[in-house]
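S.K.: Here is what each chain is made of, one letter per residue.
2 protein chains.
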Amino acid sequence: MNDVAQLRPVGWVRSSVADPGAAARQGDEGAPDVVVELVPDVAPAAADLRPGDELLLLTWLHLADRDTLAVHPRGDVDRPVTGVFATRSPDRPNPIGLHRVQLLEVDGPRLHVSGCEAVDGTPVIDIKPVLGTADER
Amino acid sequence: MNDVAQLRPVGWVRSSVADPGAAARQGDEGAPDVVVELVPDVAPAAADLRPGDELLLLTWLHLADRDTLAVHPRGDVDRPVTGVFATRSPDRPNPIGLHRVQLLEVDGPRLHVSGCEAVDGTPVIDIKPVLGTADER
Chain A
1 MNDVAQLRPV
11 GWVRSSVADP
21 GAAARQGDEG
31 APDVVVELVP
41 DVAPAAADLR
51 PGDELLLLTW
61 LHLADRDTLA
71 VHPRGDVDRP
81 VTGVFATRSP
91 DRPNPIGLHR
101 VQLLEVDGPR
111 LHVSGCEAVD
121 GTPVIDIKPV
131 LGTADER
Chain B
1 MNDVAQLRPV
11 GWVRSSVADP
21 GAAARQGDEG
31 APDVVVELVP
41 DVAPAAADLR
51 PGDELLLLTW
61 LHLADRDTLA
71 VHPRGDVDRP
81 VTGVFATRSP
91 DRPNPIGLHR
101 VQLLEVDGPR
111 LHVSGCEAVD
121 GTPVIDIKPV
131 LGTADER
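Chains A and B supply the protein sequences, listed in that same order. Using my numbering, read the first sequence as starting at 1 and increasing by one per residue. Using my numbering, read the second sequence as starting at 1 and increasing by one per residue.
Simulated from the structure, these hints should not be mistaken for lab results. Honestly, I wouldn't trust all of these hints.
Pairs count within a copy or across copies, as identical chains cannot be separated in the list.
[Stated by the list, open to error] In the EDC-like style, the derived pairs of lysine to aspartate or glutamate whose C-alpha atoms are separated by at most 20 Å in a straight line are:
(1) Lys-128 / Asp-41
(2) Lys-128 / Asp-53
(3) Lys-128 / Asp-28
(4) Lys-128 / Asp-65
(5) Lys-128 / Asp-48
(6) Lys-128 / Glu-37
(7) Lys-128 / Asp-107
(8) Lys-128 / Asp-33
(9) Lys-128 / Asp-76
With the hints as constraints, model all of the structure from the sequences given.
M.R.: Spelled out as structure tokens, the structure:
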């Protein structure tokens, strides 16, 4: 890329949580299981995913503010304003969400995964396996 | 995003390795230390990063093929063709690289970080702290 690159959704998060104000701050802080509904033309990329796999979902946090460079961590005004690269704030120049999940069930193009705080309708931009040690790669 | 979202570089990898064919496959497989040269207008987002921090660099693997949906893992033709979401292949619909590094030194807008396999000139699109346990967040 020179100045910009264009992301394309590879799927969408389907969650019982639609309101960012009601979402958990991280997947292991009470977030519900969700479905990743794959875009049909990229579904072959998911052909070898199996229940039990530990995965990283990358999402595009489409409700975030891209001009924010510093925040109170976790919205706690008692904590000093901190540059966003030292936080997991969704507000950042490229609002990419990173979510560690376990694959629970594969139902055609619908991947059921464990706790994920991304709200309903969040675009999924990549899926990667959690890396094992070097001799398992 | 509806169909696409536009990424903007927040920095660039400066590495002694320019040839993808000569690059390590992962950061812990012999990759050199590199510099992340921040774009000046986002440098405030990095204000609170400190040497010793464990970070995730997200990069845009600009030399990758976005139409590839399956590969031989690690280019090994003895391994069966596998959907890219079950691999760390750079060739994938949105070629985002995920690199765990340690911050070694901060020199103005230049962040010196430990072993990273991204080649010289790779755009950096986000920097995140590695998450500690829930009570450390």
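S.K.: Can you give the numbers of the hints that this structure goes against, from lowest to highest?
M.R.: No hint contradicted; all consistent.
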